[in-house]
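Kindly produce the complete structure, drawing on both the sequences and the hints.
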Amino acid sequence: MGKRTYEYIVRMERIRMAYGNVIALNDVSLTVGRDEIVGLIGDNGAGKSTLIKIMTGVVRPTGGELYIRDERIDLSHYSVRQAHNRRIETVYQEKSLGEKQPLWRNFFVGRQITNRFGFIDIKKQKAITNDVLKNQIGFRGAGVDADSPVQKLSGGERQGIAIGRAMYFDADLVVLDEPTVALAIKEVQKVLDFVRSIKQRGRACVYIEHNLAHVHELADRLVILDRGEISKIFHKGEVTLTELTRFLLDLQNDNAEVAV
Amino acid sequence: MQRISMSRVEGLPIIVVFVALIGCFIVAAPEVFLSLPIYFSFLTTVPPVLVLALGLTFVIAAGEIDLSFPSVIAFSGYLLAMLYRDHDMIWLAVLAAIAGGALIGLINGLIVAYIGVPSIITTLATQFFWGGITTVISGGTSYSLRTVDETSMWVVFVGKIGDFPAQALWAAGLAVLLWFIMNRHRFGEHVLFIGDNANVARVVGVNVARERVKLFTLMGTLAGFAAILLTLENRNFFNTQGQGYLLIALASVFIGGTSIFGGQATIVGTFFGAFIISMIEAGLTATGIQGFWVRAVVGLVFLAAVIFHLTMEQPQRRAKLARVFGIKPGK
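Each protein sequence line maps, in turn, to chains A and B. Per my numbering, the first sequence starts with residue 1, numbered consecutively. Per my numbering, the second sequence starts with residue 1, numbered consecutively.
Read the hints as simulated data drawn from the structure, not as lab findings. Everything numeric in this text was worked out from a predicted model, so none of it was measured. The beta carbon of each residue, even a glycine, is placed where N, CA and C say it ideally should be. Check the hints yourself; a few may be wrong.
Some chain B residues close to chain A (C-beta under 7 Å, calculated; not the full set) [claimed, not checked]: (1) R184; (2) H185; (3) E189; (4) F193; (5) D196; (6) N197; (7) N199; (8) V200; (9) V203; (10) G205; (11) V206.
So, in structure tokens, the structure goes:
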């Protein structure tokens with residue numbers, strides 16, 4: 001694959017998603033540059049999760065177009081596996097690791113190293129997992145190895161594993177869905193460092209976050225979703241944290257008035 | 001370098017229970033349990049149970065349940081008996097029995113995976129449906145297959161090698177194969193992740209619906225195979241022949257230590273679980289306890305095993321249980 005000659009890793013055009021009569025996304029267009037951190041902000045039900053699920057092949061939109069590295073994707077055949085093949089990886093909030101399964105299974109599930117009969121090369125998978133744990137994620141002597149089940153890890157470590165997995169598979173785009181929810185402060189810092197490291201490696205990131213301080217600090221561009229539509233886009237430095245908070249509060253108040 | 005601890009030997013607690021149980025029966029009924037015939041008898045009666053329990057281990061590992069297999073045993077048994085007796089078919093009859101089971105499993109899987117009906121409801125309904133169909137098409141009568149032991153299929157599936165029953169080899173072979181599928185194959189891993197958390201499985205790229213269809217088809221196929229072993233061994237088909245297997249096949253899996261919450265499974269545990277449950281049945285009878293008590297004891301053992309594994313798996317449940325019974329957890 002040519003070395004990043006594209007302008008946008010992902011370009012979504014007029015994406016529409018309806019669940020029966022309920023419109024979750026109404027003609028949303030969004031681009032993600034090749035080493036850009038895009039922060040997605042919005043209330044519950046604004047459509048953030050749906051948007052990234054479409055981007056990563058988990059759900060199929062009702063309408064619209066998706067381009068990856070400027071190439072149009074056939075949405076009727078787009079899947080998580082295809083997204084993986086195009087080096088788009090997702091880290092879902094508490095939801096991208098099988099808790100009872102050991103790390104070596106979690107690392108490779110969905111793209112196991114197998115022989116042609118589908119039997120897994122466990123030795124190789126364990127060796128790679130241990131190597132990534134030690135050399136990329138930096139779990140040194142913490143009693144965590146490829147055989148540890150996920151449920152033994154702290155919340156921050158879990159996100160670290162999920163992000164490390166994305167990096168190992170050489171993702172050009174890492175999608176993070178609320179990675180710091182329910183984490184202790186120290187753990188949050190670890191996750192934020194991971195996010196920064198994605199950009200440092202010249203990769204892109206779409207970052208959903210409720211904590212405005214975190215997302216304001218990290219994102220190159222803030223995209224505010226409201227009831228299935230993009231209501232505002234801020235570039236880094238265009239808005240202070242206070243102004244951003246004010247903007248979102250006003251948005252909520254407007255919605256409340258509409259509801260009355 | 002590799003740490004070897006007791007907990008890493010798969011199914012170790014259940015193996016201990018198995019050995020202890022044999023010890024108990026030897027003490028209680030030495031004349032029976034110190035001679036070989038009883039063990040050969042186990043090797044004829046356990047295989048159908050084991051084959052069913054192996055399939056159920058996958059189903060339960062995926063967080064699902066299958067209650068329809070007793071009717072698969074009836075339906076596939078009928079196909080085998082009817083094609084053999086009325087049409088002189090042998091291997092085609094075997095094929096039809098397996099295909100019949102696979103078809104019922106496939107239909108279960110499609111309903112669960114693509115319509116989204118919970119498996120407990122789907123398979124409860126299909127158990128009644130296929131049981132009813134079998135009764136209707138068989139006319140409710142039984143088929144005696146007295147001459148079936150002269151056929152090659154009888155020798156292959158349930159013949160004797162010396163005193164050793166062939167079905168034990170089939171069941172053992174399947175157990176080994178399915179151990180590898182569960183622990184070493186992509187499909188087994190997908191089953192474990194689906195049982196652990198189906199949403200996680202979906203986002204990491206597992207085709208959850210397709211794997212669920214495969215899962216129920218596998219279960220149906222194995223139930224069809226169990227029907228062959230059972231019908232040939234009995235040299236008889238009757239349309240309620242699967243009914244006794246619902247509890248003992250499920251009990252084998254849970255006694256073995258596979259989690260009722262899915263995401264974790266032990267084929268070794270199931271293997272010994274199937275022997276334990278059958279030994280309890282046979283052993284109680286041999287020690288002179290009246291037949292109708294046996295079912296009660298089996299039910300009790302089943303429940304006790306589930307509660308035991310539940311509390312081992314989840315410390316918070318253990319603490320809650322201790323509170324209920326007024327036992328203070330050690331400070």
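Open item on the list: Let's test the interface hint: is any C-beta of chain A closer than 7 Å to that of B:H185?
Closed with: With Cβ-Cβ at 5 Å, under 7 Å, it holds.
- [ ] Answer holds if the nearest beta-carbon of chain A is closer than 7 Å to that of B:F193; otherwise answer violated.
- [x] holds, 5 Å
- [ ] Hold the hint about B:N197 up to the distance rule: shortest CB distance to chain A must be less than 7 Å.
- [x] holds, 6 Å
Open item on the list: A closest beta-carbon separation below 7 Å is what the hint needs, so does B:V200 meet it against chain A?
Closed with: This hint holds: B:V200 lies near chain A, its Cβ roughly 5 Å from the closest one there, short of 7 Å.
TODO: Against chain A, run the beta carbon of B:R184 and see if the smallest gap drops under 7 Å.
DONE: holds, 5 Å
Open item on the list: Interface hint check: B:V203, Cβ to nearest Cβ on chain A, cutoff 7 Å. Holds or violated?
Closed with: Where the cut-off is 7 Å and the nearest Cβ of chain A is about 5 Å from B:V203, the hint holds.
Task: B:N199 as an interface hint toward chain A, with CB separation required under 7 Å - done: holds, 6 Å
Open item on the list: Next item in the hint list is B:D196. Is there a CB on chain A closer than 7 Å to its CB?
Closed with: With a minimum Cβ separation of about 4 Å from chain A (threshold 7 Å), the hint on B:D196 holds.
Open item on the list: Given a cut of 7 Å on the nearest C-beta pair, is the interface hint for B:G205 held or broken against chain A?
Closed with: With Cβ-Cβ at 3 Å, under 7 Å, it holds.
Open item on the list: B:E189 was flagged as interface toward chain A. Is the shortest Cβ-Cβ separation under 7 Å?
Closed with: Cβ of B:E189 sits 6 Å from chain A, so the hint holds.
Open item on the list: The hint names B:V206 as touching chain A; please verify it with the least Cβ-Cβ distance against 7 Å.
Closed with: Holds. Min distance 6 Å.
When each numbered hint is compared with the structure, no violation occurs for any of them.
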